[in-house]
Structure formats: C-alpha cells, structure tokens
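Number of protein chains: 2
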Amino acid sequence: MSAAHVTGGADMQTLELSKAFTLIEPGPVVLVTTHDGHVPNIMTISWTMVMDFTPVFAITTGAWNHSFAALSKRRECVLAIPTVDLLDTVVGIGTCSGRDTDKFSRFGLTAMPGKSVKAPLIKECLANIECTVADIIDRHGIVVLEAVAAHIDPERRERRTVHAVGDGTFIVDGRKFDRRTMMASKLPPGV
Amino acid sequence: MSAAHVTGGADMQTLELSKAFTLIEPGPVVLVTTHDGHVPNIMTISWTMVMDFTPVFAITTGAWNHSFAALSKRRECVLAIPTVDLLDTVVGIGTCSGRDTDKFSRFGLTAMPGKSVKAPLIKECLANIECTVADIIDRHGIVVLEAVAAHIDPERRERRTVHAVGDGTFIVDGRKFDRRTMMASKLPPGV
Numbered sequence: 001m002s003a004a005h006v007t008g009g010a011d012m013q014t015l016e017l018s019k020a021f022t023l024i025e026p027g028p029v030v031l032v033t034t035h036d037g038h039v040p041n042i043m044t045i046s047w048t049m050v051m052d053f054t055p056v057f058a059i060t061t062g063a064w065n066h067s068f069a070a071l072s073k074r075r076e077c078v079l080a081i082p083t084v085d086l087l088d089t090v091v092g093i094g095t096c097s098g099r100d101t102d103k104f105s106r107f108g109l110t111a112m113p114g115k116s117v118k119a120p121l122i123k124e125c126l127a128n129i130e131c132t133v134a135d136i137i138d139r140h141g142i143v144v145l146e147a148v149a150a151h152i153d154p155e156r157r158e159r160r161t162v163h164a165v166g167d168g169t170f171i172v173d174g175r176k177f178d179r180r181t182m183m184a185s186k187l188p189p190g191v
Numbered sequence: 001m002s003a004a005h006v007t008g009g010a011d012m013q014t015l016e017l018s019k020a021f022t023l024i025e026p027g028p029v030v031l032v033t034t035h036d037g038h039v040p041n042i043m044t045i046s047w048t049m050v051m052d053f054t055p056v057f058a059i060t061t062g063a064w065n066h067s068f069a070a071l072s073k074r075r076e077c078v079l080a081i082p083t084v085d086l087l088d089t090v091v092g093i094g095t096c097s098g099r100d101t102d103k104f105s106r107f108g109l110t111a112m113p114g115k116s117v118k119a120p121l122i123k124e125c126l127a128n129i130e131c132t133v134a135d136i137i138d139r140h141g142i143v144v145l146e147a148v149a150a151h152i153d154p155e156r157r158e159r160r161t162v163h164a165v166g167d168g169t170f171i172v173d174g175r176k177f178d179r180r181t182m183m184a185s186k187l188p189p190g191v
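Chains G and Z supply the protein sequences, listed in that same order. The opening position of the first sequence corresponds to residue 1 in my numbering, with each subsequent residue numbered one higher. The opening position of the second sequence corresponds to residue 1 in my numbering, with each subsequent residue numbered one higher.
Keep in mind the hints are simulated off the structure, nothing from the lab. Keep in mind that a hint or two might mislead.
Derived Cβ-Cβ restraints for the label pairs, each shown as a range [to be verified]: (1) G:Glu-16 to Z:Glu-155: 21 to 31 Å; (2) G:Thr-181 to Z:Ala-184: 43 to 53 Å; (3) G:Asp-102 to Z:Cys-96: 32 to 42 Å; (4) G:Lys-73 to Z:Glu-16: 35 to 45 Å; (5) G:Asp-85 to Z:Arg-160: 14 to 24 Å; (6) Z:Pro-154 to G:Gly-108: 34 to 44 Å; (7) Z:Arg-75 to G:Lys-73: 46 to 56 Å.
A virtual CB, placed ideally from N, CA and C, is assigned to each residue, including glycine.
Taking the hints into account, I'd like the entire structure generated from these sequences.
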C-alpha cells in the first residue's frame, strides 16, 4: 500500500451523525474494517440492524470471523458502505480470511485514516461510519456499535447499494419513493 | 372481517424454514403482527436482523410500540413481508397506533390463521414467517425471534420489497445479480 493511499481522504466529507443511520437502515451489505494493532482487516457483513437514531447499530458476528478478535479486543470498527460496482470485491472479501490474506492489498482497496478510531476507512466505498463497541451480547453473537464519526463521498457517481439475499444472489437498489410528507410526524430530527 | 377472510389460506404455501432467512436478510421493511388474546395488531418495522440460518431474527422495538405488550406477553408474532404495491399501507400502519385503530380493518388487510402461533398471517403480503420470542434483551430493546413456520405466495406477481431509508424515502428492489458459484462454499444447506 503506497503512502499516497494511506494519506488520502480528500474524497470523503463529514456526514452529520444524525444522518448516518440512513446508510444502514435500508439493509445493504456492509464491509466492516478492524485493526488489531498490527494490521487492518475487512469482513463482509449482511447481518446488521439499526437500534437507535443517535446512531446505534447491531451486527451479528462471532469467533468464526477472524475480525472478531480485533473487534472485541480493540472495541472499534468502521462500517464501510460499498456500492454495486464493488459487488465482486464484497463477495471476494466474504469468501477469504484475514488469517492468511491482506484483503486491502488483494482487492486493491485503499485504507484511509479515520478521525476517531484506528480501524481504517475504505476510500473506494460510498460512505464510512466510525464506531466504538458499546456492548457484546455473547449469548447471541450481537455486537452493539455506537457511531462516533461518519464520512460520505459526495462526488461518487455510483450510489446504488446491494442487498444480500443469503442464497448467493444480491439485489441492487432500484427506484426511490418519497413518503416524507406522510411520515413527517415519525422522522427523527436532523435526518 | 368476513369469515371468508379469516378462513383463507389457499394462496399461501409452506416455505421450508431453511429458506425463510432469505426473506429478511435483504433488509426489507416488514409488518409484524401480534395478538394480545383479544385483538390482532400490526406494526411496521425496519430495524430487523438475521442472527442465524435456522432461522433466528432480531427486531428492535420497545414499550413505545403498542404491539410490544402483546409481543412480550404472548411471546409470539408473525413477520409479514410486504411488497412495493403495499407501500402506502406500510407507511400508514407505521404512522397510526393499535391503541385506537383496528389496522386490519382500516387498511383492508386480511388476517389468516397461522399454523403455530395466534398472531395472524397477512394474506396480501408476499410471505409470512411465524415466530416465537426466544429472548428479550431489555437494555437494548432487542427481541430475539425463532421462526417456527413460514409461508409464501408463489402466485403473487409483484415480488419487489421495499427498503426504508429512514428519512421518509424508500428504495424498491432493483436488478438481481447471481454470485452463487463464487459463494458456494459459504451458503448454508437447504437454501
């Protein structure tokens, strides 16, 4: 990885934390980066949930993922939001292990420093949410995350995310419908 | 509600439990039905997560939802999967309360008896998953659900689900991509 890569960041702009949940709520596949103090890693996760607008998120993972050791020890990660042009990268990351693979190098991804956590942002993604681990519910494999900073690439042309079906197929974002008026009474402030 | 309505069911066919998680994994908005022993109710939920293929799901809810009392007392519910033709129904259900509204009647939905739980299926939805409550994690408002039966309407023409963004807009399913071959090593049996 070149120095130019790790010192990038001009393409990501700060996203208000009050809007960060809108990146996860639609249920896209996400990339979760961690850093164990020596090397960064990435895993592909589809099992995510918004838990609060502040925002708080849950992900389901466990010791079967190599990233889990870094996540539980360092208690921080980044949720990076890939788009459909990265689908094969997303699937590739999900089908190899950080145990024996430098995934940033293998998939040509650029690690960028975050503001608040050591886990890297992924420059090629649409957005990145820096999170700290608020709780780990061991009996269910649920990791509760609190976002501490968020970034979005406002210039990125491809913005459609992908949704894993779980059978090896993926659904891309289609048309958008606006129901803001009907939902006005239910929307949180700052969204 | 007419007798014909509540004794329906011909349109729903049994779906193998091993496939039921594929209805939730893409992250669609779902309708959650409950029954408090007297009347059924429906809530709109976007905060869901698959936790296991068996399948096990999480939803985030709490006492702020009228349905929560029935859910926590009766310890069962149905996750019904609406499609884009029901978008205004989904938003309508999410912006009124079972406290003062019979939502089946108000939105012209048909309650059908399930196989294993008293909470009703919704005939107009693409699919219905009958669930029992396995755990409630009070400090996070997480309800852990185990599916006990699933049903799908194989004849339904509109099958595109909707994803809430959280800002009052909704994204409809678009194109589907097949990565079954790449993912073969990671797919659970029976999917």
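Here's how the hints hold up against the structure:
{"no.": "1", "hint": "G:Glu-16 to Z:Glu-155: 21 to 31 Å", "verdict": "violated (45 Å)"}
{"no.": "2", "hint": "G:Thr-181 to Z:Ala-184: 43 to 53 Å", "verdict": "holds (46 Å)"}
{"no.": "3", "hint": "G:Asp-102 to Z:Cys-96: 32 to 42 Å", "verdict": "violated (52 Å)"}
{"no.": "4", "hint": "G:Lys-73 to Z:Glu-16: 35 to 45 Å", "verdict": "holds (39 Å)"}
{"no.": "5", "hint": "G:Asp-85 to Z:Arg-160: 14 to 24 Å", "verdict": "holds (22 Å)"}
{"no.": "6", "hint": "Z:Pro-154 to G:Gly-108: 34 to 44 Å", "verdict": "holds (42 Å)"}
{"no.": "7", "hint": "Z:Arg-75 to G:Lys-73: 46 to 56 Å", "verdict": "violated (36 Å)"}
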